[in-house]
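*Asks:* These protein sequence lines map, in sequence, to chains A and B.
Mapping the first sequence onto numbering that gives the first Met the number 0, position 272 (from 1) lands on 271, and the numbers just tick up by one.
Mapping the second sequence onto numbering that gives the first Met the number 0, position 83 (from 1) lands on 82, and the numbers just tick up by one.
Source of the hints: derived by calculation from the structure; they are not laboratory data.
Hints should not be assumed to be uniformly reliable.
What the hints assert, rightly or not - Taking lysine-lysine and the DSS-like style, the derived pairs with C-alpha atoms no more than 27 Å apart in a straight line are:
hint : chain 1 : residue 1 : chain 2 : residue 2
1    : B       : 152       : A       : 55
2    : A       : 167       : B       : 17
3    : A       : 167       : B       : 171
4    : A       : 167       : B       : 152
5    : A       : 122       : B       : 18
6    : B       : 57        : A       : 209
7    : A       : 122       : B       : 57
8    : B       : 146       : A       : 55
9    : B       : 171       : A       : 120
10   : B       : 18        : B       : 171
11   : B       : 79        : A       : 55
12   : B       : 63        : A       : 122
13   : A       : 206       : B       : 146
14   : B       : 18        : B       : 82
15   : B       : 17        : A       : 122
16   : A       : 206       : B       : 82
17   : B       : 79        : A       : 209
18   : B       : 82        : A       : 122
19   : A       : 209       : B       : 82
20   : B       : 63        : A       : 120
21   : B       : 152       : A       : 57
None of these values were measured; they are calculated from a predicted model.
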Amino acid sequence: MKKVFLNTFLILASLQLCSQDLLDILEREAPEMENIVSATFKGTRIVNGHSIENRKNKELEFIISHRFGRVNTGFEELFGLDQANIRFALEYGLTDDLTVGLGRSSFEKTYDGYLKYSLLKQKTGVNAFPFAVSLFGSIAAKSQKAIPGEERTFAESLFYVGQVLIAKKVNSSLSVQLTPTYVHRNLVAIDADPHDIFALGFGTRVKVSKRVSLNAEYYQQFDKLESINARNSLAFGVDIESGGHVFQIILSNAITMVEKSFITETTGNFFGGDIHLGFNLSRTF
Amino acid sequence: MSLFLVSFASAQERFLTKKGMISFFSETPIENIEAQNNQVLSIVDATSGKMAISILMKSFMFEKALMQEHFNENYVDSDKYPKATFKGAIIDFDTITTSERSLAIIGNLTIHGETKEITINALTKKTGEVIEMAGDFFINLADFNVKIPSIVKNNISEKIKVSFRFQHKPYKK
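Chain A extracted, bound-state conformation (with noise of 0.2 Å):
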């Protein structure tokens, strides 16, 4: 015992010399590995747009959101919460790559179906690369029905939305996304709506802490539609992450979820109180 006390005792005394340099060396040898950035965001949602985040393979997520009424309709309709827009959704990772979801919405008696995937990622190491690349398409289906006068066949009910998302994680607490957009309607409302809509979308993240980031974005439209006096929608959220989930409140002036609506459908005016309080709740399977 005594022999096994002072070798310890030795060893330990001399430890910072030599193992020191076995440290040094496993670090030579270390070899060079190629890391993907991941948790870019936290939801594959920045606040009401797409983030470059998919659905890991074969994950199944359910996502309930909701957008209630203005905040500025003020108490008789308890600040906008009477109303309410709300989007059933299932998302499902059909690899780690590409995900597919569809979604019902009540505005307008929307359904949608979108496809996302991840083109390019954003490496460190080996093989680095400087920015993440996602692309993005949906078609949306109003089925509301038309008021006598204006009926529409089903193609004529179609929307087309198509995106490049370009991410980047600056640090482990700063997010950007740039989104270039471009929505298309097979039916306008008046001859003056454009059928082409290009818009850019700025989005970001900052985290706070380790489960809770502040995120915003807006995406500005090159082309608006003139019958609704539309706006470009500016949004704010907090996510909240607990264990699989993440909690997103947010406050927008679009009351809607698909692309092609909040885009180019928002008429609220942000900083004249027409804010939509709002979340999304997911849950993954």
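Assemble chain B onto chain A, guided by the hints.
*Replies:* The following block gives chain B in isolation, referenced to the frame of chain A:
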């Protein structure tokens, strides 16, 4: 004996692996969480009995990708602390033989920027040119300042079982 070895070791006989295995296991009645890393670097200095281990945290593979993301993002801060390390000494390393026997390793384990002295027992043998070491031990997450939020307290064990297996081969510079 070891004083002699430490002080006068000139012929440095070192054994290295870059494909060491370390896995950990968290067991609770609700769920078990397991992750494995097959790219662990470990080195043994056969003249002094000292060893060092370097573990890249992002190389731990989980069954669920989301768990892996949470592990790196929320629990061990892999961006801030990319590696866990161990440096220590194998007690009575000179008694190593071709038949397996349990030897104690004493040293400092650093995870998540926190260092703690631990003693690990490893089944050790040297066959031909290979030094094999395998074993398991428990760590307390609290010792390494890894916090479990209350909402998942029942899903993650405070005591984590760590298993390892290394096959060191002669290292030439």
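*Asks:* All hints are to be evaluated individually against the structure, with a verdict given for each.
*Replies:* Results for each hint:
1. 152/B - 55/A: Between residue 152/B and residue 55/A the Cα gap is close to 24 Å, so the pair holds against 27 Å.
2. 167/A - 17/B: Violated - the C-alpha atoms of residue 17/B and residue 167/A are around 32 Å apart, more than 27 Å.
3. 167/A - 171/B: Since the Cα atoms of residue 167/A and residue 171/B sit roughly 41 Å apart, the hinted pair is violated (cutoff 27 Å).
4. 167/A - 152/B: 33 Å, violated
5. 122/A - 18/B: 23 Å, holds
6. 57/B - 209/A: This hinted pair holds, its Cα atoms lying about 17 Å apart.
7. 122/A - 57/B: 13 Å, holds
8. 146/B - 55/A: Answer holds: residue 146/B to residue 55/A is near 25 Å, not above 27 Å.
9. 171/B - 120/A: The hint is violated at about 36 Å.
10. 18/B - 171/B: It holds: about 16 Å lies between the C-alpha atoms, which stays within 27 Å.
11. 79/B - 55/A: 24 Å, holds
12. 63/B - 122/A: 21 Å, holds
13. 206/A - 146/B: 18 Å, holds
14. 18/B - 82/B: 15 Å, holds
15. 17/B - 122/A: Holds, because 22 Å separates the two Cα atoms, which is no more than 27 Å.
16. 206/A - 82/B: Distance of about 23 Å is within 27 Å: holds.
17. 79/B - 209/A: 12 Å, holds
18. 82/B - 122/A: 18 Å, holds
19. 209/A - 82/B: 19 Å, holds
20. 63/B - 120/A: 19 Å, holds
21. 152/B - 57/A: 26 Å, holds
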